[in-house]
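2 protein chains.
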Amino acid sequence: MKRMVSLAAILAAIALVSGGALAQFARTDDAIKYRQSVMFLIGQHFTRLGGMLKGSPAYDKGAFLKGATLVQTLAAMPWDAFLVPGSDKGSQMKDDTLKDTARFKEAAKAAESAMAGLVAASGTGDVSAIQEPFGAVGKSCKNCHTAFRK
Amino acid sequence: MKRMVSLAAILAAIALVSGGALAQFARTDDAIKYRQSVMFLIGQHFTRLGGMLKGSPAYDKGAFLKGATLVQTLAAMPWDAFLVPGSDKGSQMKDDTLKDTARFKEAAKAAESAMAGLVAASGTGDVSAIQEPFGAVGKSCKNCHTAFRK
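Just so you know, the protein sequences line up as chains A and B, in that order.
Here the first sequence is numbered in this note's numbering, starting from 1259 and rising by one per residue.
Here the second sequence is numbered in this note's numbering, starting from 1259 and rising by one per residue.
Watch out, some of these pointers could steer you wrong.
One copy or any two copies: either way a pair holds, since identical chains are not told apart in the list.
Result set (DSSO-like, lysine-lysine): computed pairs, CA atoms no more than 30 Å apart in a straight line [said to hold, decoys possible]:
1) Lys1347 / Lys1312
2) Lys1291 / Lys1319
3) Lys1319 / Lys1352
4) Lys1397 / Lys1347
5) Lys1319 / Lys1357
6) Lys1312 / Lys1352
The set of hints was computed from the structure by calculation and includes no laboratory data.
Work the whole structure out from these sequences, hints included.
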């Protein structure tokens, strides 16, 4: 009985720490594939936005705003998948990432906030106003990768 | 000179057929990885929606609508990546898919239209009204996979 109680306590603690992330994925591998898929798509679309800021293809307000909004949608998706216990194994995640999830969640929030800034600037249609928030998003990507990616 | 002209004509024809899809991807492999990433994410979220319709987790209007809208956004993404010439190699795409892209585009349009129907029904918050359009989306997935996937 004691053993069952402590097991339940451990599971509850895991669920609390992972913010219910466990429940969303049938397998740990799915969580890894999920976040890698999202990250690849973010990379593709963010690179396209960067190309447009350099004129290739030519800047187009509607296309840029659509792309930035899509990246914002994608950027809200992957965080839960990173928090699945055990999903640091067999991935590029640094070993200590899941030991302090508050630090990870804060970095994720900063990335989302940077994305919101880019979308807001994209709405102006003024390329010179987009450059700085675009750079801020790139910096938030890099911050996380430096802190949490091998 | 003649050879250059005909090469230009071929490239123009490819660009026309692929609807500019080529330009979006630096490499054919990126196009394959892009569409596979999108399809995996669609599968994950569509499965979650199906779970909710079966009560696991319990149906929640807001969560279901959010999920359906996300799947709709994802379902608009992958088609160009399928149309990249040469991307049938090293993928699960059936060999004759790119020989008749009109057929493929029509099936893609049908999938998007089914998704729009699901999102509309999701807005009602009436589970019994969601079941049929949910099934229609599943059918549109299956139709494409049967026609174009090995």
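Practice task
State whether the alpha carbon distance between Lys1319 and Lys1352 is at most 30 Å within one copy, between copies, both, or neither.
Solution key: Intra 38 Å, inter 37 Å, cutoff 30 Å: neither.
Handout entry: Intra/inter-copy verdict for Lys1319 and Lys1357 if alpha-carbon distance must be at most 30 Å
Key = neither (42 Å within a copy, 34 Å between copies)
Exercise for the section: Classify it for me, Lys1347 with Lys1312: is the Cα-Cα distance of at most 30 Å met within a copy, between copies, both or neither? Expected result: Close neither inside one copy (38 Å) nor across copies (32 Å); limit 30 Å.
Exercise for the section: Have a look at Lys1291 and Lys1319 and pick one of within, between, both or neither, based on CA distance no larger than 30 Å. Expected result: between (33 Å within a copy, 27 Å between copies)
Practice task
Give the relationship of Lys1312 and Lys1352 under a CA distance limit of 30 Å: within one copy only, between copies only, both, or neither.
Solution key: For Lys1312 and Lys1352, the Cα distance exceeds 30 Å both inside one copy (33 Å) and across copies (37 Å).
Exercise for the section: Classify it for me, Lys1397 with Lys1347: is the Cα-Cα distance of at most 30 Å met within a copy, between copies, both or neither? Expected result: within (26 Å within a copy, 36 Å between copies)
Of the numbered hints stated above, those contradicted by the structure are hints 1, 3, 5 and 6, listed in ascending order.
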